[in-house]
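Which chain is which? The protein sequence lines are A and E, in order. Everything in the first sequence is counted per the working numbering, starting at 19 for the first residue and increasing by one. Everything in the second sequence is counted per the working numbering, starting at 106 for the first residue and increasing by one.
Keep in mind the hints are simulated off the structure, nothing from the lab. Here a beta-carbon is modelled for each residue, glycine too, at the ideal position from N, C-alpha and C. Check the hints yourself; a few may be wrong.
Taking CB as the label site, the calculated pair distances span [said to hold, decoys possible]:
1) E/Gly150 x A/Phe73: 29 to 37 Å
2) A/Phe46 x E/Ile218: 43 to 51 Å
3) E/Lys221 x A/Ile47: 47 to 55 Å
4) A/Ala64 x E/Lys221: 45 to 53 Å
5) E/Met106 x A/Met19: 44 to 52 Å
6) A/Asn163 x E/Ile167: 39 to 47 Å
7) E/Leu191 x A/Gln85: 27 to 35 Å
8) A/Phe138 x E/Phe151: 30 to 38 Å
9) E/Ile121 x A/Phe106: 39 to 47 Å
10) A/Val188 x E/Ile121: 25 to 33 Å
One letter stands for each residue in the lines below.
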Amino acid sequence: MQNISDFLSNSVSFGLCISLVCYWIATFIYRKTKFFLFAPLLVACALIIVFLVVFKIPYESYLKGAQFLYYLMTPCTVALAIPLYRQFSKLKDNALAIILGIVAGILANALFIFAFCSIFKINHTEYVSILPKSITTPIGIALSNQNGGIESVTILLITIAGNMANIFGVIFCKIFRIKEPVAQGVACGTSGHAMGTAKALEMGEVQGAMSGLSIAVCGLLTVVILPFFVNLI
Amino acid sequence: MRLIRQFTILVVVCFIGEILHALIPLPIPASIYGLVLMFIALQSGFMPLEVVEEISIGILGIMPILFVPSTVGLILAWPILKVHWLEFTIIGVGSTIAVFFAAGHVTQLVIRIVRKIMGQEPEQQG
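Construct all of the structure, not just a fragment, from the sequences and the given hints.
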């Protein structure tokens, strides 16, 4: 057992290997069950964590192999410019409404989190980890790191937000009486990034395009607005 | 070779982003400078989309896998999660509803106000 643990801890390929294999297994489980709590990312990570704990492999050793995936997050953020470029022309018609809507969403997010973190007496580190929770993951992680947050906590909350928007998007639109297609798309994209957009695409073409546009615009505006909230707790 | 060339451009933009992050004293992550630079280059026509299109679509397609290493970091955040899991869940669920409501309604309101000012009535209901 000790030998296996040592070998895996020093292996160059182990981290990358287990990451990819577990993600593949998790995708398979999700396809078979279609159960919303089995989001592939979370199941894959649960499998990896169990493996690391059982074989007593430190996180740092795992990361050594998985660093390649970790690095790709930066080019991935830059690549978000491509969908933004493609959808930018769609901003023109309703620019004012879309931008004000997204800003309102960002402020609602920050104020809600500030209020509840105050009530729950949550520390600065956890507070700044939660703050960027409604934006696309690579930008959220970058902001969390920037402010000294814990990136895994940020991802967990981003995943909760995405799942909420994906599962309840249609119901929310009904309950809240959001009827304009453009507004439905902006709501999905601003609250649930890519996962909200997946649902918006099912609602209609306009909703899907607006939601996709909102991902990048919301991420960028959050970068501008969030610093005003960071030091409140 | 084509993909390598595309990847090189993407990484060079990332690197320029890092340089800007070091030079400009603003709380903006390096990757965001990269995103904005890339967008400006595309929008201005300085860089044609084909030059980076395939690799970008490829990377965006595998995006969730890239978050695996960070999410496994929950292993380190376990002591915090054990204490705060309920609070985190309440905040995650509640704030998402708040964002959905605010973003949707403000967008809808502004669309309707603009429509009224412009005098373009939507097709009458009923």
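Taking the hints in turn, this is what the structure says about them:
1. E/Gly150 x A/Phe73: 29 to 37 Å: 53 Å, violated
2. A/Phe46 x E/Ile218: 43 to 51 Å: 49 Å, holds
3. E/Lys221 x A/Ile47: 47 to 55 Å: 51 Å, holds
4. A/Ala64 x E/Lys221: 45 to 53 Å: Taking Cβ atoms as reference, A/Ala64 and E/Lys221 lie about 51 Å apart, which means the hint holds.
5. E/Met106 x A/Met19: 44 to 52 Å: Holds, since E/Met106 and A/Met19 (Cβ atoms, about 46 Å apart) stay within the stated range.
6. A/Asn163 x E/Ile167: 39 to 47 Å: For E/Ile167 against A/Asn163, whose Cβ atoms are near 21 Å apart, the range 39 to 47 Å is violated.
7. E/Leu191 x A/Gln85: 27 to 35 Å: 33 Å, holds
8. A/Phe138 x E/Phe151: 30 to 38 Å: Violated: the Cβ-Cβ distance is about 48 Å, outside 30 to 38 Å.
9. E/Ile121 x A/Phe106: 39 to 47 Å: 21 Å, violated
10. A/Val188 x E/Ile121: 25 to 33 Å: For A/Val188 and E/Ile121 the Cβ distance comes to about 42 Å; the hint is violated.
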